[in-house]
Amino acid sequence: MFGRLSLEALPHEWYTLGAVVSLGLGGLVAAIFLSKKKLWGWLWNEWLTSTDPKKIGIMYIIVALLMLFRGFLDAAMLWFQQAVLNGTSYGLSADHFQEIFTAHGVIMVIFVTMGLMFGLMNYIIPLQIGARDVAFPFINSLSFWLYVAGAIFLNLFFVLGGDFSSAGWLAYPPLSGLEYSPGVGVDYWIWSLQISGLGTLLGGINILVTILKMRAPGMTLMKMPMFTWATLCSMVLIVSTFPLLTATLVLLSLDRLIGTHFFTSTMGGNPMMYVNLIWMWGHPEVYIIMIPSFGIFAQVVSTFSRKKLFGYSWTVASLIAVTLLSMLVWLHHFFTMGAGANVNAFFGIMTMIIAIPTGIIVFNSIMTMYQGRITFGTPMLWFLGFVSTFSFGGMAGVMLSVPAIDFQVHNSLFLVAHFHTMAIGGALFGIFAGFSFWFSKITGFKLNEKIGKAAFWCWIVGFFVSFVPLYVLGFMGATRRLDQYDPSTGWQSLFIISFVGLLIIATGAFLQVLQLIHGFLKRNENKDLTGNPWEAEGLEWSTSSPPPDYNFAVIPGTNKIEEFHMPKNTPIGIYVSGFVFLVGFGAVWHIYWLTALGIIGAIICVIIRALDEDTEYKVILK
Amino acid sequence: MSHTETHERSLLGFWIYLMTDLLSFGVLFATYAVLSPNTAGGPNAKELFSLPFVLIETLILLTSSFTVGLAMLAVFKQAKQQALIWFGVTFLLGLTFLGMELYEFNNLIAEGASWERSAFLSSFFTLVGTHGLHISVGLLWMAVSMVMIWKRGLTPFINSKLTRLALFWHFLDIVWIFIFTIVYLLSYV
Ligand code: HEM
Ligand SMILES: [Cu+2]
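From first to last, the protein sequence lines stand for chains A and B. Heads up, the first sequence is in UniProt numbering, so the first residue is 1 and it goes up one at a time. Heads up, the second sequence is in UniProt numbering, so the first residue is 1 and it goes up one at a time.
Simulated from the structure, these hints should not be mistaken for laboratory data. Among the hints, erroneous ones may be present.
Stated by the list, open to error - Subject to a maximum C-alpha distance of 27 angstroms in a straight line, what follows is the list of computed BS3-like cross-link-like pairs (lysine-lysine):
id, chain 1, residue 1, chain 2, residue 2
1, A, K522, A, K453
2, B, K161, A, K568
3, B, K80, B, K161
4, A, K213, B, K161
5, A, K38, A, K568
6, A, K527, A, K55
7, B, K161, A, K618
8, A, K618, A, K568
9, A, K213, A, K618
10, B, K151, A, K568
11, A, K453, A, K307
12, A, K446, A, K307
Stated by the list, open to error - Just some of the chain A residues that point at chain B, by a computed CB distance under 7 angstroms:
id, residue
13, A135
14, I205
15, K213
16, V239
17, P243
18, L244
19, T246
20, A247
21, G259
22, T260
23, F262
24, M267
25, G269
26, M273
27, I607
28, E613
Because the structure is a prediction, the values reported are computed rather than measured. Glycine included, each C-beta is placed from N, C-alpha and C at the ideal position.
The shape of chain B in the complex, shown without the other chains (with noise of 0.2 angstroms):
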């Protein structure tokens, strides 16, 4: 079977995929604004986010999926260094990402604010926490194709698959920007 047709498969398969992700994610969000109001006397979102860190920590994201844009640029011209490049930067910029996001964790847990607190934060979490889970995946993924591409080059079998990691990764940046809005804009206005 031709390299083309795979490619074609796994492509829209993957698409399927992506598809049915964002379903369980549009289950999070539905439970997250079901139970956000339900803060049992806890802490609410206004009281606990800090805008301008997370405003940050988006802007890390998006230029990370504007680099693995220029990852994959390099990739369709075959210019290996500058793939390696690229995706290593994206690789950093993800990695700083999901620090920042255990960061923001780590101080919400010690202000007694953890998922056990309330209905509300137990929703936040875990919309939160699966958006980061997915990231992980992605660095992972990253990590093993970023020693693909130098051990066995650009060849077609894992430029197929670099095309599905940067879809994977575009997505998560659209999810999160969901986020950004539902979970820390809104709580805002």
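Here chain A stands alone, though its shape is the one from the complex (with noise of 0.2 angstroms):
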């Protein structure tokens, strides 16, 4: 009835039962406060059935930003058992160290960088192509949910028990096959991915169609802003390769459940051909996250600097070959794995061709500061801490994609600190620049500056001193993934380094905390009455802040006040990522009947929504 869901299943550590205990009482504190103030109706018609992308797009910020506190946290772990409890008896043990780097990972990339990005994307993209709305505002809404889903069996073996994955964040097999991890863990990591994967991949359709045929007459794809342009990139490169994902994990699944043979060890299984397929979505996927940033930081500099982008079309035609390239390097990862000589030489080339547009798109960047008058605000922080994390990490980067060096520095903590600069310093820095930029956009009030660029300044130094170390700790022969290593390699003092940078990257996360509260208190002094304080160039600068529902009364280049159509509300979006989550549910404790139900009410809900011809209303304006 219940497959492997037993009551031996259920949370029974002091960690697991914490978090059952603390995720009720939150949940019932939050309950009464919303029955109290009559807020669920409010909660459910205004925001989690939306459809306005503006909304949505609110709702990515919210889960990711959640998920980055848990990201953090994970981090935070790791390196207090490196740094302090090596050698002691208080550590984690190997088993759970390695779950917590997995979900690190996992939730980094896929859950914050991507939720972010996304929920950028939808406030802002519409507005600056001069739309009301997204091509598919229906699908808009299931993507979401499906990201939610995802989100939920990342964390559900906190609530329900079992283990998550410990096979590092790409599941290699044949470690991740049923033979060495015979649990659920890598079957929440499955699905985790799958599902939130399949909410990218309609996403990605989404907003690429949105941008290709919904632009407001006039903004031919040569006048496009450099943040439309970036995210046109990075959906095409997520409708490339999240297919690749999707089917390679159908693949290690159907390895799981049925018994076949895609990565076994045995019965002519090729465990190494998985290891292409993961990587050749997996070096795209890092693109994905960093395209969009290059374009937030090509429209702050020009801002903050009051002069065009230098290089326009050089830095548009630069995101292209980016585009295209980098689903041509993904051996880089694994140069050691005997792909033999003349294969690690092609790819090495054209991992360092791949240098080159992208230093184009960085130096357009530097240039558009070259005779501007250039003001420092908060975004423009973030840009130049960008460029000085970005020049760092790519220099390693370049000495990664030599096969020579890479056979010395693979899998070492010198990679690990490579990643997070392009990761931490590129496109995270990118969000925040973006966020700070667009922020009063969104909530109709501006940020205190002076704690933004406290946070920024915490957050830069920080980064520097927890990640140097790495490097150097790297070139010591530290590899990564390491839960206890001997005292006489003298490593601790460098790992303690690294721990006192990422609690200064604390206190910046927590200034920014503080920002939010105190900008949100002091809401009716620092209202952007003028909906453009930068006095910056774009579309989405002449519109209010926040935009009406409609984003605007009349779509720029045309003259004509009419009366439109909108689209309503649906919870089919929720009852369909709800199915879904059901589907997974069922196959990862093989509960089947559960699947079951899952795939049937999931196609009917979908069916009931196709057929529906009501789903827009009519918007007339005075």
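Bring the two chains, given one by one in their own frames, into a single complex with the hints.
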């Protein structure tokens, strides 16, 4: 009846029990609050069922920030172990340590950076192209709820027990196969990625069609703002690589569920094929989260230098080049796995080549500052931070692209330092720049710049303090994913410095929260009445802050005030994603009737929605 | 928003979706290409497949692609009866195809050549099975569409969906041609 789900699986460790209790209490408090204030209806009607990309965007951001909190705590636990608890008996067990770095990686890549990006895109892209909505509002809501379902899978083991995967964020077989990971952990991982990946794919198609088909009259491709261009490229990458992830995960789960032999080490299976397939998605994935930040930075730097972006068409061409080239470099993640010298040379050279357009993008941003009237608002500081971290990490990347060097530092902390420089200094800083840039547009009030700048300085200083030691440790031979090491290596002092850096970063994050609270409390004093506090260019600044539901009363480039249609809200996205959740849940715990129920339910919901002709309401502006 | 605009957007979106689906199939094809020599001492393609049987399957699917084209012609002429008939024929052809495929699977499993036997068979069942799954989705879609044509008539709302259904069906046909060539024909050379 309940497959593998038995009483023994339920939580019984202090941390899972603690999670259950605190989640329960938190939920109770929230429920009481909502009931007291009679806010249930508001929450459901105005937010959860919304098809307004602006509201969906905000919900993406909220969920992603919660996930950031968890991802950050995970990182802190890892480092605390390495810096302080190493060699003592208080540390995490090896298993537990592995689960934490696996969860951390997945959370940060899939749920934090992607979630924050999708949030910003949902909000900003329609505004930037002068549209009232996205192309497929219902699918937008569905994408968001699939993302939420994926996020729940990632945290489910807290509440329901079992373990999370300990096979690393990309779950290489045979380790992730049934033989070596018989528990539910890898299944949780699979379904978390599979379901949120489905949401990402749908979201990618949606935003792609929005940009291609819904630009206001007169906005030709070469007039699009850089964030829109970057988003377009990123979405092209999503639709060209997420299908590979979907298929690969299906194969892995078939191996685990029905005994096929794709990636097993017996009966003709080929684990190496998995490594190829997953990186054919995995490498483009890092560009999917990186490219939108390039766009944000380009807009920030031109706004804060009071100049047009230097070399617009070169930046566009480079973005496209990066998009295409990023699909041809995946093998650099496993130079050491015996592909042979010629293959390694090819992929090494491709990887070096991709540094050229990337360099052009960054240099064009830098050149924009030349002879500009520069002001140092918070978004601009994030940009400057990005320039310093990204050149640093980029050089490390070019070093890694030489197979001979990679053989020395593969899987070391040098690599970990490199990709965090890109992920934090590139993608995350870009998101933060975008936040501070568009915040007043989204909420209608401005944030305190002083706190924002202090937060920035904590992040950038903390970043270098924590990650430079990792580069050094990498050279000293420290491999990644170490839950313990011999004290005679002398690594501990560097790990401690690293941990201090993390505390500085944490201070920065704390200041950001403070800035939000402060801004919210003082929102009436800091109203953005102009709609364009930075005196920036672009259609998003031509409407009020926050914009009305329909974004623009008159579509830019036209002059008739017309009546138009807007999508109605609908709960079907939530229902579909709920049923899809059951499909996954049944598959994780081998409760097959639940899987069947989920499939049938999802199909029925989709049919009901597809046949509904009454999905819009008319707006008449006087 | 006007119907033509919505229709155009949906059509572009659907095209992009089809391309993504093609990429997923691409992975399965690549997997098959890599794993098909790995029979792990079990039967190989040549020993297992019967070409005449598959040829009939193929012809049936090709015919159904033709009939769905006729159905769409009827839709454009707003001929409801005719459209229903041709969709009905397509549906039956698709169902026959699916039945034959299941029959083949069943025989293979009975012979002990299931997906658990070898990596080759794993990739075979997954590739062909995924196509079959798509056919099933197409059939369900077609059944619902026929009910809708019957009840609501050939409105722009329905027609727009029918256009995409037809595209989907042709797409599955093209994928099958590749399966037929790569999985079945090539095992004979
Ligand atoms: C916010 C500050 C962050 C800190 C302090 C941090 C810290 C860490 C630590 C300590 C590890 C384990 C290193 C080891 O293997 O020994 C790790 C792994 C990892 N991190 Fe982060 N990280 C942060 C942000 C991010 C972000 C933003 C991303 C991606 C967008 C990211 C992606 C990853 C990945 C993919 C791994 C590898 C997981 C694995 O080995 O399977 N991290 N991080
Ligand atoms: Cu890469």
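*asked:* Let me make sure I understand: some of the numbered hints might not hold for this structure. Which ones are they, in numerical order?
replied: Hint check: nothing fails, all pass.
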